[in-house]
Amino acid sequence: MITAWARGLTRHRIGRLLAAVTGIALAVALIAALGSFLTASKATMTQRAVRSVSVDWQVEVQPGADPNAAGSLVRSAPGTRTALPVGLARTTGFTATVGGSTQTTGPGVALGLPADYRSHFPDELRTLSGSGTGILLAQQTASNLHAAPGDTIGIRLPGAGLRQVQVDGVVDLPQADSLFQKVGAPAQSQPTAPPDNVVLLPAARFASLTRGATDVTTQIHVARDAKLPADPAAAFTSVTGAAHNLEARSAGTVLVGNNLGAALDSARQDALYAQILFLFLGVPGAVLAAALTVAVASAGGERRRREQGLLRLRGLRPRQIIALAGLEAALVGVVGGLAGLGLAALTGRLAFGATSFGANAGTWALWYAVAFVLGVTVAAGAVLVPALRDLRTVTVADTRREQRVSRSPWWLRYGLDFALLIGSWLVFRASSGNQYALVLAPEGVPSVSVSYWAFLSPALLWLGAALLLWRLTLLALAHGRPALARLARPLTKTLATTTAAVLSRRRRPLARSVVLLALAVSFAISTAVFNSTYRQQSEVDARLTNGADVTVTQPPGAQVPPSAAGKLKVSGVRHVEPLQHRYAYVGADLQDLYGVRPANVAKATSLQDAYFSGGTAGQLMRRLAQRPDNLLVSAETVHDFQLSPGDTVNLRIQDARTRALRTVPFHYAGIVKEFPTAPKDSFFVANAAYVAKATGSNAVGAFLLDTGGAHQQQIAAHLRKQLRTGATVTDLTQTRGIVGTSLTSVDLAGLTRIELGFAVLLAAGAGGLVLALGLAERRRTFAIATVLGARSGQLRGMVLTEALLLATGGLTGGALIGWALSEMLVKVLTGVFDPPPASLSVPGGYLALTAGATVAAVLAAALNGIRSAGRPAVEELRDL
Amino acid sequence: MASADLLLSCRGVALTFGRGPTAVVAVHGADLDVRSGDRLAVVGPSGSGKSSLLHLLAGLERPTGGTIARPGLGGPRDIGLVFQADSLIPALDVTENAALPLVLAGRPQEETRRPVAEALDVVGAAGLADRLPDEISGGQAQRVAVARVLAQAPRLILADEPTGRLDHATGARVLDALLAAADRTGAALVVTTHDPSVAARLTVRRSMRDGRLLAPAPETAEAPTPRGSPS
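Read top to bottom, the protein sequences are chains A and B.
So for the first sequence, the working numbering puts the first residue at 1; every next one is plus one.
So for the second sequence, the working numbering puts the first residue at 1001; every next one is plus one.
Chain B with its partners taken away, still in its complex shape:
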């Protein structure tokens, strides 16, 4: 997998909530480059600023300091997002949820059927197509969220604690789906996690402590074998 194209570049990025003595610094001068095909894990405990950093990368938050450049990304639609949980729209079924980014991008409903069906197949959720979010489990809902990203075919996938609320086995299946989606679309993948076993499955790991993004850890020789397959 080539990692030549620079998709996103952060320099000295900071995010501060509030002002004065009560201000909280969530991200403190982060430097980060993300290139096509990257598999990056941002690891850190709760409250270390991982989610805030991810929101900055996704463009959901405006940095209060530093700059973020997205030279390899055409626009917000080139970024696919996966959240910790409950990111499906309750009134839409699995297929409609997975098709939503495409529909929002202006694709006619009929044209979304094929990519959505394929995406659901990839994440092992083809059998859930007509179900509503409250009729499926948390793990299945996360895989549908991954399928939604896959159908969107973005250049960058940002996943915020995608396994955080799942048990180990289910989390592994969701991560498998996420990696499969990234591989299939050739997208870069950035995952925030506090779970070292999740981080271990990605090629690059950056730690965060108290809002600071630490220097990259040495690259692992080989990614561990997946512990489960999609159900």
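Looking at chain A on its own, in the form it has when it is part of the complex:
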């Protein structure tokens, strides 16, 4: 009997089976693909965190301990690849006499590096000018001292006096923050910035110079090669444990500065964000696919009830009927599950070049297994559960008539939709209290966690809005029959009233289809808008860091006038904008100062309103233009110095004529939070003309080049060849790859490629499949109408009216829900964006594709329904 039933199902109910299989396949594929992708992403984050760190551990030898013994201990620790001793001496200052003028700096640091240090830790130093070995000055120190390779500088060492050395080169210290960390101190006790004055010495020279100096310590810089777990959180635990183990074995003679642990700590937070994105963006898709399956299964519910009634009449026992329903569920679950795994593998291969999405074998196999089991469970829920319920509650007589529910659903009666929307708003308001902090890393707590509470507001909004749309569709269909008839008239002519009556009476399945389509469309919209906004902000971040399409940065101390811009206006460059860069003291605090031409700066770079506070970008630039001594300062400076608009801010800036610092008065005119090429911490933005006049120099720090967003790499390459070592040329493409956090390294586009693809399929499936099955279940109705004299044009009009109603309702409702959800998602996921977006980015092309695919699927379903209705009516009526 089981075999015969299975044969019958595949022969006569193939459409319904295939539709249910499609729903399951989509759900399984989405879960398997996203799960594997998430795992692979986490592994990428770990790898990237490991790569981002040059010195894994900085092991500081404690006063009184023997550096050689400590070195041996570190070298013998498991996982140590290289351990090199580095001397560190605190200085009271540096001096230099260049061009007849003597410069003196504040306290600084002298480092003693072994000869092979650069080969083992190549990313720690970057040569800017002169030699890469010997006595090296940090860039800012060289700028402060006006020193260049070949100049002689003095190092004041407490206990050893002033020692003279000749500078061989100028270097940049990309990892200065970690290099000069206070080893063993908690994060909040770390210095806010690395020292401004640094000199690097060969180890032997360091030893001779610091002989007798009092404030000298030794660090052992370690590169590790221990195999780390793929998950950043597990890798963090492993590395931290190893560091603690070393400290414990040293019996207090060393403290470990765990740079690798810090990088992994940040990566594990990003991993949690990736997990959040998976939950926010992926789970709704899987839920939707499951809902689609349930809708598909319930579209054939009437027929199944009749079949069940027939089987019961024929004397089948409940257990046998359940076995037959179980067979259908198993068929749908297993075939759909396998198809879904195949689809996931295909997605992986097409989008990432690997079935595993880059995850290791065990992990992706686990995700595939989980997805398959979930698929089978959904199939059982969609097919078997209704059969069991009917068996328990419906009589054989009931199964022979159409189920008609006159009572409103319970959620409609109790206003669940309103309750959910109010709940969503309340949770959203509550989340805004902690700035939508999703990833929580409380001080003093070693583990990070996710505030799953924040998930609630978008989830409630999605469900509440869907139920509200359901309510409104039901209301419109129940009470808007005259309006429906008017709308149907162009397609159905004299049948308009009858069509309106049919639509009104079929309002429950129709409303369900509209809601399902709207949910799929809203999923597509919110995912696409989120992704597009994320990419927009990544681009903004890269542009902020690089400054413009191409940026030409002058070396420290270079006196390049704005007129040099002419030489940079090569083919493809639309505009060249000079940007001054100085250092200025406010009180004892040294900050970067950028001099801009307020009227022109926006021609070469984008200034978003979100970068400023106290006015829009345009307004604040106008303020700088109208009153040249106006100054934009960072929020921290406003807070630290208790500034009010219009207050005088005295900055000490170096005068190019005297080489001495001079006080220049400015007026506080607004807050700047971000600015092209500026650092993340505090800085000033002023009028370039005023700065030039006050300091006697119009020297440019960088030229911002606008290439119209095209050919950046080629233009940068051309300029590099032209300028040789005279300046540093960077382009946006190059910067994009550097600025990414480990979250951006995951390349959200990967997640999006998966999701956007599935979103289109879901939207098309929700529109097309459900309509097609609904029409298929009504073939008898069309056959009766045909026998009664309906022409094919009349049937086509009826079906198209229903299809258009579904498409219009679903797309409109979906657009509204998607818009609201996008606004909320971007707010709730603020932590993912850097900088936060001023407005949403709407990807018109993708949304048009989704709408087009949906309409095409609905129309295809309608046309197929019409084609089926056009079959000889007698074929449908044989059993009447």
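If you are wondering where the hints come from, they were derived from the structure by calculation, not from laboratory data.
Even for Gly, the Cβ is constructed at its ideal location relative to N, Cα and C.
Treat the hints with care, as some may be off.
[Claimed, not checked] Heads up, incomplete: computed chain A residues facing chain B, CB under 8 Å, no partners named:
hint : residue
1    : 475
2    : 784
3    : 789
4    : 790
[What the hints assert, rightly or not] Taking lysine to any residue pairs in the SDA-like style, the calculated list, with each CA pair at most 20 Å apart, reads:
hint : chain 1 : residue 1 : chain 2 : residue 2
5    : A       : 493       : B       : 1110
6    : A       : 493       : B       : 1073
7    : A       : 493       : B       : 1077
8    : A       : 827       : A       : 370
9    : A       : 493       : B       : 1106
10   : A       : 493       : B       : 1109
11   : A       : 827       : A       : 539
Chain A is already provided as a structure; the job is to place chain B on it using the hints.
Here is chain B on its own, set in the frame of chain A:
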């Protein structure tokens, strides 16, 4: 009732499903004339080809052999059909179902109200006007199907086992409605049935066996009295 006008004429009509050795002959060389006012019963057991013959007469199937001429019928709208069961559209109420053939023929909705109300009254279903098909019984649904034919006012009514799924008393009431509808419109009535008591209420009976339409039985002197009246 005059029976002069020839509405429909079949000569050697055949209907075969499939081809080759698996082909099934449903109707085998049937000859039949139907004239205005005829009351014809086609009697036979299940599978004898009655429904197939009726589908051929209605134009729902194309004959695979022989010819069917409809000299007295203007088009499909001159034929009213009643099926065994479940021929109402679930999403339309009784009035809308009964009005459907008229609406499909292009009559404005307002113009259908009167004939539909009258038709429902004739079959005793006036009280069901606002009900949906799943709110009425099988017998009531059949009477509504008859009212639908009556409102259409066809020249030929074809009823395929109209009482087949009903109990005896309900079936009798449906048949009463059907006869009343035919009388009221002057239409010819062809009923297929396996029930001799139903056949006995019609003036002419033709038997079918294995797809063959047998020669007419002698006409009964008087039709039996109806066993029930419309409820």
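Cross-check of the supplied hints:
{"no.": "1", "hint": "475", "result": "violated, 18 Å"}
{"no.": "2", "hint": "784", "result": "holds, 6 Å"}
{"no.": "3", "hint": "789", "result": "holds, 4 Å"}
{"no.": "4", "hint": "790", "result": "holds, 5 Å"}
{"no.": "5", "hint": "A:493 / B:1110", "result": "holds, 14 Å"}
{"no.": "6", "hint": "A:493 / B:1073", "result": "violated, 26 Å"}
{"no.": "7", "hint": "A:493 / B:1077", "result": "holds, 19 Å"}
{"no.": "8", "hint": "A:827 / A:370", "result": "violated, 31 Å"}
{"no.": "9", "hint": "A:493 / B:1106", "result": "holds, 9 Å"}
{"no.": "10", "hint": "A:493 / B:1109", "result": "holds, 11 Å"}
{"no.": "11", "hint": "A:827 / A:539", "result": "holds, 19 Å"}
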